[in-house]
Amino acid sequence: MAFIPHTAADVEEMLAVIGVASVEQLFDEIPPSVRARGLAGIGDALNEMEVTRLMMSRAASCGFALSFIGAGAYEHHIPAAVWAIAARGEFYSSYTPYQAEASQGTLQAIYEFQTMIASLSGMDVANASLYDGASAFAEALLMAARINRKSKSLRMLVSRAVHPHYRAVARSITSLQGLNLEEVEYDAASGRTLVDSLRAHDGEDITALAIQQPNFFGVLEEVDGLSEWARRRAIPVIAVVNPISLALLRPPGEWRGGADVVVGEGQPLGVPLSSGGPYFGFMATRMAHVRQMPGRIAGRTVDLAGHEGFTLTLQAREQHIRRGRATSNICTNQGLMVTAATLYLSLMGPQGLRRVAAACHARTRALVEALVRIPGVRAAFAAPRFHEAVLQLDRPVAPVLAALERREILAGLDLAPDYPELGHALLVCATETKTAADIQVYASALGEALEARTAA
Amino acid sequence: MAFIPHTAADVEEMLAVIGVASVEQLFDEIPPSVRARGLAGIGDALNEMEVTRLMMSRAASCGFALSFIGAGAYEHHIPAAVWAIAARGEFYSSYTPYQAEASQGTLQAIYEFQTMIASLSGMDVANASLYDGASAFAEALLMAARINRKSKSLRMLVSRAVHPHYRAVARSITSLQGLNLEEVEYDAASGRTLVDSLRAHDGEDITALAIQQPNFFGVLEEVDGLSEWARRRAIPVIAVVNPISLALLRPPGEWRGGADVVVGEGQPLGVPLSSGGPYFGFMATRMAHVRQMPGRIAGRTVDLAGHEGFTLTLQAREQHIRRGRATSNICTNQGLMVTAATLYLSLMGPQGLRRVAAACHARTRALVEALVRIPGVRAAFAAPRFHEAVLQLDRPVAPVLAALERREILAGLDLAPDYPELGHALLVCATETKTAADIQVYASALGEALEARTAA
Amino acid sequence: MAPRQEPLIFQYSRAGRGAVDQWPREPDTPLEIPRELQRPRPPLLPEVSELDAVRHFTRLSQLNFSIDTHFYPLGSCTMKYNPKACNALATLPQFLARHPLAPESRGQGVLACLHELQEMLCALTGMQAAALGPMAGAQGELAGVAMILAHHRSRGDLARREIIVPQAAHGTNPATASMCGATVREIPVGADGDVDIEALRAAVGPATAGIMLTNPSTLGVFERRIVEVAEIVHAAGGLLYYDGANLNAILGKVRPADMGFDVIHMNLHKTFSTPHGGGGPGAGAVGVGPLLEPFLPIPIVVREADHYRSLTERDRPRTIGRLSAFMGNVGVLLRAYVYMRLLGSEGLSQVAEHAALNANYLLARLAGAGFEVAYPSRRASHELIVTLERQARDSEVTAMDFAKRLLDYGMHAPTTYFPLLVPECLLIEPTETESKETLDAFVAAMVSIAREAREDPERVRRAPHTLPVRRLDDVRAAKQLDLTWDPDARAPDRPG
Amino acid sequence: MAPRQEPLIFQYSRAGRGAVDQWPREPDTPLEIPRELQRPRPPLLPEVSELDAVRHFTRLSQLNFSIDTHFYPLGSCTMKYNPKACNALATLPQFLARHPLAPESRGQGVLACLHELQEMLCALTGMQAAALGPMAGAQGELAGVAMILAHHRSRGDLARREIIVPQAAHGTNPATASMCGATVREIPVGADGDVDIEALRAAVGPATAGIMLTNPSTLGVFERRIVEVAEIVHAAGGLLYYDGANLNAILGKVRPADMGFDVIHMNLHKTFSTPHGGGGPGAGAVGVGPLLEPFLPIPIVVREADHYRSLTERDRPRTIGRLSAFMGNVGVLLRAYVYMRLLGSEGLSQVAEHAALNANYLLARLAGAGFEVAYPSRRASHELIVTLERQARDSEVTAMDFAKRLLDYGMHAPTTYFPLLVPECLLIEPTETESKETLDAFVAAMVSIAREAREDPERVRRAPHTLPVRRLDDVRAAKQLDLTWDPDARAPDRPG
Ligand SMILES: Cc1ncc(COP(=O)(O)O)c(C=O)c1O
Ligand SMILES: Cc1ncc(COP(=O)(O)O)c(C=O)c1O
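Residue numbers (the numbering used here), protein chains in the order written: chain A, 290 to 745; chain B, 290 to 745; chain C, 134 to 629; chain D, 134 to 629.
Hints were generated in silico from the structure; no laboratory data involved.
Keep in mind that the hints are not guaranteed to be accurate.
Here are the simulated lysine to any residue pairs, SDA-like style, with alpha carbons at most 25 Å apart [unchecked claim]:
hint, chain 1, residue 1, chain 2, residue 2
1, D, K612, B, Q604
2, B, K441, D, L291
3, C, K612, A, P706
4, A, K441, A, A523
5, C, K612, A, A523
6, C, K612, A, R614
7, D, K612, B, E597
8, C, K612, A, A577
9, B, K441, D, A292
10, B, K441, B, R520
11, A, K441, C, A525
12, D, K612, B, D494
13, B, K439, B, R611
14, B, K439, B, Q581
15, B, K439, B, A477
16, A, K441, A, H490
17, D, K612, B, H609
18, D, K612, B, R614
19, C, K612, A, R435
20, A, K441, C, E588
21, D, K612, B, E302
22, B, K441, B, D494
23, B, K441, D, V317
24, B, K441, D, R286
25, B, K441, D, G314
26, C, K612, A, L470
27, C, K612, A, G595
28, C, K612, A, H578
29, A, K441, A, L470
30, C, K612, A, Q581
31, D, K612, B, R520
32, A, K441, C, R286
Some chain D residues flagged as far from chain B (calculated, every beta-carbon gap over 10 Å) [unchecked claim]:
hint, residue
33, A256
34, E274
35, A292
36, L424
37, D448
These figures come from a predicted structure and were not determined experimentally.
Beta carbons are placed, not taken as given, at the ideal position from N, Cα and C, and that holds for glycine.
With the hints as extra help, turn the sequences into a complete structure.
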């Protein structure tokens, strides 16, 4: 039941100390007119054994299929050590490290995490996480508006090749402060955002430019050209990146025009897919902008005895100090995921992370090669990619996906709802978890599905 | 690979310090004639991701069936907290607590465990575990022989209603020291070991008497009569008990004739079924016999400052001190299982454990009632039972079990190999994990299986 | 056995070392990435063995206080026991493996839990509909205020841009209002802890979008004139927002909708016992009355015949939109679902009763021991406030000093200096999962520290003494920013 | 953050408290158990909340040293890193749920692992067949000696009842021989650490059943004349038993069968990195040459076409029988299986190489720092022995004092006073999973303690100083037995 330790005798004694006759009396300040009596609609308690059985059957209904879906959430190998440690009670059941002396474990892990993220993204500093990649993107737009105070337009150029859900979340959140998100078209042949399409905005008052590398289609953007265009015009650049890809790709801080705010989804770093969350958003920036950054930040300092220690710092940016003038309303973040990611990155190290990235890249290449051999399947874009690809089929995607699902294969994401202009487009992904045999299974099944329907 | 942290530079430096040119040289004392070169037959390393996938598929082949098998290993609800804590690295990856000051956690847990087991069994003291219930039984027989030095016969009366595997293990181990295990027949009508069948041994030199409560058939023995028979003759009594049942049943220490050594399988106390192990054997005895007890024992003492603390004690009984004259050769025991069991017993407490026992008892009663309603099924024994029962079918059991297995039901254990005299006998068990609906599923399936075959 | 200090993971790093078992094999095809897009130098990640990593992070964990190891009476944070079953069952392998964009046919079990969770939250709060997407309380607030603004806008009432917030409100309330582009208007709280009704009357008007309240308030007392407050705000055309971060004291006792609230967010990581994880993740589900239902953020899970489905923008054209890339913190939601099923309606009511019992007991005991409580004439809700103004004056021992000294007594400190309007305050929330013995031990520690404050104030002022570090220099932390490790710089405690 | 002391779980108990979520519902049918068979009084189990239990045992855990937190160079124990994957994969839900008597058709995945494990162990040792039932090293020894005796008996040779054991042998060797009803005959070890060949010659004869050896021996050196030893014993009609508790130093370097051994047990909880769990469980698989195969303990897993099956007494009528109720410590075997698959043949050879490298490096460093090593002229195997005889003589600081003082330096002590024949010894086994930095830190600690022993011996003699307890009184523990908690008695540290 309610995990309550009180014995009947305890309750009696405590009521006596308080000086009331019953527990009910403790609620006597609630106006009788609104007092609830009991709780309808919740049902009776189950014991742990019963709930276990219920949840086992609910879990079973999800099964384990062979999945080639990416689109912002990626199946990676997660070392057993990651969650064996991250789930330890001392991490799992502690609060935000407000009492620094009693939270050195969490604080030091955050400091290590910040170091890793800053280095991965080529920036100076990183925060202790935001909710997820999409909301981090929204925060980055708001932050860019604060950084670029000279600009009055609040016009944010966002490539249409940025994840559609990220754009949707950014719209929900930033429209409240009047930001205007304007889409920059991608090039239909390469799948890239071309510098040329920015030229239309030469001379306009643009508050920020946002690009994703690799973009939603898995395609590698010409980040040097894009960032340089912005830098020349003193327009802050927001980079949305996949952290695994940064083992291979030039970090935003080293793009020709650089970047001002780097954000992304941390899920690939040791966080399970879990139907979409909890994940974590990360954010890194230049030291010059650190006071505009939302979210918690841990810093190293010294104690009374001169020994080093860690504490939350720059709290004057945050809601609990600055209240209505804080950089964001964020309070609770995704701390435990950060602990897991720090473990993951420690186990991978520079070499391991590079291997993961390279394996994903190679697997996706093998997948695309296998699939485009099937009549009726072709690659949509010509530009180099990281670990996702858009394929075009010769017929609507949805029924094909359904056919493959019946064979326990989740064959990718149908792009029709978000990118109708791409026709029968399918976004596929193969990470290091996919073997040559898996790819073969997919290719055969897809070949048969397309044949069967051609025949029919 | 081998979880080795050495960098190439480390190896070079270390070899230089040692003063050898190569690692190979470290093995130069091995006669060249027997030196192996490499390792055939092991195969190449898989990485963790690959092994994970392999093991997931191996696990999947085992499935989850609805099981009504007991026979010495029982499906019970295991609170999530038990293994969340027991698997913590500080318990999981520590050694036997030889350095007491650095092992107070393990030692205190053992002390708490000993207290619980001693109280459950109604004895004075308990040890820190033996391998499993069967080997604990063997050790109990050896211990009884040491206790009863007056007896020269080494004749051990063992009820045939003691678990057949326990008797087999006891035979393998105790025959090495010349113990003679003699079977005492059970009563065909009640399934009990009758005091009358002991009378044949009145006046003989018997070294010990061993009985199991509840016995292998789930039947409750007349423990008062049996133990009293032995006590009158100064024959040590060995009790084999199910620890869950002790929440309901009179503990051996309080049987009319008492018991000298109480042993049993600890698996029901929070240990998963796991194809048979690791489990743990427990053993309790009277203070008078403590120096004859095998296995480790933790004791409470004080430190230099007079504060209490825990340490292994009475080590003079053990192999590392007494060597060839130790009470047993046991060294490594089943420590972690003991930690889990101590957690389990703490979460259950006296009330919870009683409820588990009562629920098992009630479920088995419901199961038997449902099954004996099926034509061709009857209960084999009349005596009261705890949570198992022998049923007799009107035809051979094996094909019936196979038919039910196809319906994802493991319907019990066929007794034909061990007790051919019982005819088509089936041992079934329902613990607290079985719902009324489960029992209904079993009953319907069994009904249909028997009907189908009658029809055929 | 915890080390007093633990080196940085980078300090274990050696070139060429690594947890190679975790690495996939090197692919046999070359990179198809143009050189100018490739990373020129590897990132600064440690090169350590698996044992190094396990040992380092295990040791770090041991440097933390946590619910699993310590009493943690952090006010407004509801640090209660996080049942192990919730973690175990939310992390069943199939749940973990499920991709957020996998077909819904392969997630019916998850969707069923989410749907039932929505229903249970509605039952608890009296609201008509709920959405689970917001990923923490503050994001729930954002959703709520955005819905209020969308509602006014939908009626063509563009003037309502003011959000009223009582002085004592949690920082996220004004921060959220600002983040939503609204203007924050603070109103004072009376000496008895209730909102100043006259100030409220003066504040409302045609610019009023709504008011954000939490009840019981962050002062640890129940807003007694809530019905009147609701009438005033509603009469002025505004809506009422309930900050439901802390529902622990009202479960089964009073429903926010019945008090007149139009929208609520709930911190599942407090009341519903999902863990705080050293900072998160949480979940900030929102509930609404009929007026705001069309604006709920997507996704929302509905049941259609025997099938569960997530609603999208197509189903809810007036939605304020999507707040997370996928479906919010599903794993957290599953934990809350398991928790609620374990408690059932009776258990949830017991939570409120025992949370209130523990808080009022502590209040009585602390008052009895000579501590000054902030609202002595009031019932405590699930938490209570002690002010150490006298101690600060007499012995120059502050609330922060008390807090730090409590750590030496093996107890986490209560919340300090919040709410802002009570000087030198400790906001103490014992929660229902702590026993009377633990509360008694807390009182004993407080009494002992109060004595120390008189007899040996320096001892208190320089606390903690027994933790891995002594008191940390926050000022230096903010002035000499050291936010990432620089392999070439010296550590501060090894001055050159 | 670990508490220095933690009350007993019973001290948290309060009548009527309980972790009720864990309890099944009260059944609605009455007990059908005669009153005289019912328990009259409830057992002494604590009545605590789930939080009480979680907090208590979490805190207890923090009082331990462990591999996950500390360097643990316990000689003869091979305390190396226990990969987390082994635990995770051996505890997949279906593995945990499988009943030992479930049909083999529903356990093919488990049986496949066990079969392959048997094969891999044979490949490693050169043996012909293996059985996995024995539940720890000592039970493996019992199986081995029982097989030797069964072999002689099967040939009608009933006189062979003597087991030869070198002086330095692990205690389980003589204890096992006795437990098997054999007579133990000890033979001395020479000054160079090798068995005294002349003594061996003198010892063998028609009563010789066999000899138990471990090679490298417990003296941390390789028995160089092993081929000769084997010839002598075999010539005398005896068999050779290999105590393979510690295979870490020979994997891929030499196979016991090639040295002439007839039977071996292997501690999977050492070499194959299954955890020691604070005392166990382990697994003591046995391997045999052709002579002893018929006697192997059951069960044994065989592959027949595509099906795996466990052999029973019917298949192996000459088996020494069954040693466990079911199939031994399957969960431990699965961990070892995962470990071996992770390492592969190359990884296993690397284990031996780096275990030897670490041990020889420590030997060189310690000798260089002035410590007296027991066999300075010999290579160390996977472990080495330091004798502190000089320190004991000069400063009256014993090996035990050194060991206790090491704890203060954050390192677990090596094995002390074993092997018995080296006075004041520390048996040090660093294992291959520890880094050079850790070994260097160990040497530094030893040097520092040696200095303390000279300059402030009392500090060493009274160590440890920084652990949850000071040095414990073992004599009192054995004299004033306090083995279970008595609710009515006083705790020793609160003298009346
Ligand atoms: C009263 C109150 N409101 C809002 C919040 C914000 O919730 P969160 O931290 O989940 O964003 C909190 C907790 O931090 C709170 O206590
Ligand atoms: C050399 C040696 N032989 C035998 C054993 C006994 O093994 P176990 O403890 O698994 O019974 C050990 C370990 O304790 C050992 O080190």
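Evaluated hints:
| no. | hint | in the structure |
| --- | --- | --- |
| 1 | D:K612 x B:Q604 | 12 Å, holds |
| 2 | B:K441 x D:L291 | 22 Å, holds |
| 3 | C:K612 x A:P706 | 50 Å, violated |
| 4 | A:K441 x A:A523 | 14 Å, holds |
| 5 | C:K612 x A:A523 | 28 Å, violated |
| 6 | C:K612 x A:R614 | 21 Å, holds |
| 7 | D:K612 x B:E597 | 15 Å, holds |
| 8 | C:K612 x A:A577 | 14 Å, holds |
| 9 | B:K441 x D:A292 | 22 Å, holds |
| 10 | B:K441 x B:R520 | 18 Å, holds |
| 11 | A:K441 x C:A525 | 48 Å, violated |
| 12 | D:K612 x B:D494 | 35 Å, violated |
| 13 | B:K439 x B:R611 | 23 Å, holds |
| 14 | B:K439 x B:Q581 | 15 Å, holds |
| 15 | B:K439 x B:A477 | 34 Å, violated |
| 16 | A:K441 x A:H490 | 15 Å, holds |
| 17 | D:K612 x B:H609 | 19 Å, holds |
| 18 | D:K612 x B:R614 | 21 Å, holds |
| 19 | C:K612 x A:R435 | 22 Å, holds |
| 20 | A:K441 x C:E588 | 60 Å, violated |
| 21 | D:K612 x B:E302 | 51 Å, violated |
| 22 | B:K441 x B:D494 | 7 Å, holds |
| 23 | B:K441 x D:V317 | 22 Å, holds |
| 24 | B:K441 x D:R286 | 24 Å, holds |
| 25 | B:K441 x D:G314 | 16 Å, holds |
| 26 | C:K612 x A:L470 | 36 Å, violated |
| 27 | C:K612 x A:G595 | 16 Å, holds |
| 28 | C:K612 x A:H578 | 15 Å, holds |
| 29 | A:K441 x A:L470 | 14 Å, holds |
| 30 | C:K612 x A:Q581 | 16 Å, holds |
| 31 | D:K612 x B:R520 | 30 Å, violated |
| 32 | A:K441 x C:R286 | 24 Å, holds |
| 33 | A256 | 3 Å, violated |
| 34 | E274 | 7 Å, violated |
| 35 | A292 | 16 Å, holds |
| 36 | L424 | 19 Å, holds |
| 37 | D448 | 13 Å, holds |
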